[in-house]
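Visitor: Take these sequences, add in the hints, and give me the full structure.
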Amino acid sequence: MKPAFWQRLDLWARNISPVGLTVVLILFSVVPTHIPGYASIVPQLALMGIFHWTVFRPDLFPIWAVFLIGILQDSLSGAPMGLNTMVYLTIFGVVLGQRRFFLGKTFFVEWLGFSIICAGAAIQAWLLLSAYHVHFIAPGPVFFQYMMSMGVYPILAWVMGRWQSSVLR
Amino acid sequence: MVKQRPGAPTRVDVIRNLLQRFAYLGLILAAFGLMMLGKAETVIVEEVRARINDAFAPILEAIAEPAGTVRGYLDEGRQFLAIHEENQRLTQENQRLLKWQTVARKVEEENVVLRDLLNFKVGPESSYIAARVISDDGGTFSESMLVYAGNREGVKNGQAVVTGEGLVGRIAGVAHRSARVLLLTDLNSRIPVMIEGSRARGILAGRNEEKPILTKLPPGSIVSPGDRIVTSGHGGAFPQGIPVGLVSAVNDALVEITPYVDSQRLEIVRIVDYGLDGILDRHRLRTDLPKDDIPVVEPKSVPTSEKMRTVVPKPGMERRPSEP
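Sequence lines, in order, name chains P and R.
According to this note's numbering, the stretch in the first sequence is residues 27 to 195, in order.
According to this note's numbering, the stretch in the second sequence is residues 69 to 392, in order.
Worth flagging that the hints you see were computed from the coordinates, not collected in a lab.
All the given hints hold, so there is nothing to weed out.
Beta-carbon label-pair distances, calculated as ranges:
{"no.": "1", "chain 1": "R", "residue 1": "R164", "chain 2": "P", "residue 2": "S156", "range": "43 to 49 Å"}
{"no.": "2", "chain 1": "R", "residue 1": "L166", "chain 2": "P", "residue 2": "F54", "range": "43 to 49 Å"}
{"no.": "3", "chain 1": "R", "residue 1": "L93", "chain 2": "P", "residue 2": "L153", "range": "17 to 23 Å"}
{"no.": "4", "chain 1": "P", "residue 1": "S156", "chain 2": "R", "residue 2": "V80", "range": "41 to 47 Å"}
{"no.": "5", "chain 1": "P", "residue 1": "R188", "chain 2": "R", "residue 2": "L87", "range": "31 to 37 Å"}
{"no.": "6", "chain 1": "P", "residue 1": "F54", "chain 2": "R", "residue 2": "L87", "range": "31 to 37 Å"}
{"no.": "7", "chain 1": "P", "residue 1": "F31", "chain 2": "R", "residue 2": "V138", "range": "38 to 44 Å"}
{"no.": "8", "chain 1": "P", "residue 1": "L86", "chain 2": "R", "residue 2": "A98", "range": "19 to 25 Å"}
{"no.": "9", "chain 1": "R", "residue 1": "K174", "chain 2": "P", "residue 2": "F54", "range": "49 to 55 Å"}
Ideal Cβ placement from N, Cα and C applies to all residues, glycine included.
Guide: Shown next as structure tokens:
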């Protein structure tokens with residue numbers, strides 16, 4: 027039956043949109059901006075996507091998608107393969123366990139939660155990277171990247187919130 | 069039949085939960101395994117990365133171009149405001165350059181004559197491949213970027229990447245239509261260079277920070293801030309004399325270099341095909357050399373009577389610690 031087919035396609039397109047949006051965020055975070063100094067502190071956009079969707083729509087954000095998103099981020103950004111993947115998977119696991127805490131709370135609480143989770147992610151990434159290179163990596167850029175992510179999160183959270191209420195059913 | 073509350077977990081839920089836990093653990097282990105494989109420079113990891121990059125390269129290229137156009141307009145607006153000062157600066161610079169042009173012409177002619185006299189053979193001719201930069205440098209995790217040129221354009225591992233200002237880095241990882249450029253500042257970057265004035269050779273080593281350092285200088289060589297650093301051409305990957313940067317700080321521990329090229333403003337780069345095998349030739353990588361051990365040409369002042377050889381004991385001949 028034709029209408030049913032289109033309906034299913036429509037629903038399917040809506041349902042994969044959280045993962046799709048996160049992939050788009052990754053692309054945005056690697057596109058050259060040529061703003062001096064920006065490249066080393068580019069916010070962790072994909073992390074925001076993973077955090078938001080894991081809290082609000084974990085049913086549309088399966089774990090293998092998190093894995094693939096991490097692989098994509100690693101390969102496009104030139105980071106050691108598996109590094110961001112591991113960080114994202116950890117975040118996914120932690121957030122999934124704590125998501126009830128965020129549901130129905132004010133945005134401020136969500137932001138606070140993100141700031142804590144993101145700090146954990148930054149530290150984990152820094153430790154993994156230092157261990158990978160067997161070299162003490164300067165922590166400065168990681169810190170600034172963290173601050174940048176904190177600053178950008180409200181904007182992105184608003185966009186994703188709008189998306190959630192208008193596109194997802 | 070026991071009626072269940074709508075929210076209570078059913079058996080299916082429990083199994084699903086269990087499976088999910090296994091999947092979670094499995095995927096974390098997979099990610100860890102990938103890191104280990106990547107550390108061991110496994111070909112398959114690089115291959116996977118190249119494939120993924122290749123798949124996304126056209127999309128990135130498509131985004132990079134309009135982004136470039138918008139930036140162009142913004143730049144134009146900014147330049148318009150500073151047009152008077154810029155004009156004055158350029159007039160002065162032009163005068164200075166005209167003087168240099170005269171000098172350069174004279175020296176060039178002299179050079180041709182002297183080369184003829186000496187029957188001097190110039191090194192291999194370089195050819196260039198121009199490529200658009202389609203990703204920002206990896207930020208915190210690596211100092212590298214993608215360019216939209218790959219195997220099909222003839223890009224090979226280890227080739228030098230330059231702009232008009234100087235050296236950008238080298239190619240590390242080539243796919244069909246995209247390639248990754250390892251910048252001078254990356255932790256894994258080691259470039260054979262020399263100080264232009266004194267011809268003292270060294271290795272330019274990145275640190276994942278803004279400024280790379282100059283290491284492996286011969287003892288007693290004199291370095292001072294402001295010295296020009298150029299590629300030395302050793303290792304057979306790069307042409308000699310590509311400008312790299314200026315010595316910006318010297319202290320007891322390290323010599324810091326400020327590269328000429330600002331990697332964050334790159335739009336188009338040129339990949340130099342020098343006609344030699346790069347340092348990153350796969351077959352040479354497979355030898356037992358450690359990963360970042362670039363074959364350094366030994367300084368001439370140390371005469372070596374015989375070559376160093378690795379002595380591999382025959383099976384059964386090794387000395388065990390327990391034996392006398």
